Amino acid sequence: MNLEGNAKKLKIIVGEDDVVYRRPLFEAILFAAKKYKVAGATVYKGIMSFGAGSLNNNSKVFTMSDDKPVVIEIIDREERIADFSEVIKDLLKKSHSGGIIYVEDVNVILYSHTDISINNY
Numbered sequence: 001m002n003l004e005g006n007a008k009k010l011k012i013i014v015g016e017d018d019v020v021y022r023r024p025l026f027e028a029i030l031f032a033a034k035k036y037k038v039a040g041a042t043v044y045k046g047i048m049s050f051g052a053g054s055l056n057n058n059s060k061v062f063t064m065s066d067d068k069p070v071v072i073e074i075i076d077r078e079e080r081i082a083d084f085s086e087v088i089k090d091l092l093k094k095s096h097s098g099g100i101i102y103v104e105d106v107n108v109i110l111y112s113h114t115d116i117s118i119n120n121y
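The opening residue of the sequence shown carries number 1 in our numbering; numbering runs sequentially from there.
Any given hint could turn out to be false.
Distance condition first, Cα-Cα at most 27 Å in a straight line; then the derived DSSO-like pairs of lysine-lysine [claimed, not checked]: (1) K68 with K93; (2) K37 with K94; (3) K37 with K11; (4) K94 with K34; (5) K89 with K68; (6) K37 with K9; (7) K9 with K34; (8) K89 with K45; (9) K45 with K93.
In case anyone wonders, no lab produced these hints; they're calculated from the structure.
This structure is a prediction, so every number in the text was calculated from the model and none was measured.
Throw the hints in and build the complete structure from the sequences for me.
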C-alpha cells in the first residue's frame, strides 16, 4: 500500500478496563483494524484522564481511578478512516463504555516496512 501525503488519523480514547465480547475494548479495536486492513494502528496507555462522565459527577477536584486511559491511533486514507470509524462507534456502543473518537489531518512523510526477505549477510 502506498500511503504518502494527505491522510487521516483516527484517534480513540477509552478506558483500560472497558470490555466488549469478553476481551478488552482496545484489543477488539486493534484486531478489527487489522481485519479491516487499515494502514497502521498503535495502542498506548495513558497515566490519567477525565472526560464527559466526570465533569459533573464529583464534588472532589480529582478522583483517581484505576481505569487508565488507553489511546488507539489509526492512520489511513480519508475514506477508509470514515468507514472504519463507524465500526468503532458500534464497538463502543456494544461495550456500553464511554470514550471519544475523533479525526485529525496528517501528512505522511514515509510509510514502509522492513523487507525480511532480504538477506543482509
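Are any of the numbered hints broken by this structure? If so, which, sorted upward? Those not satisfied: there are none.
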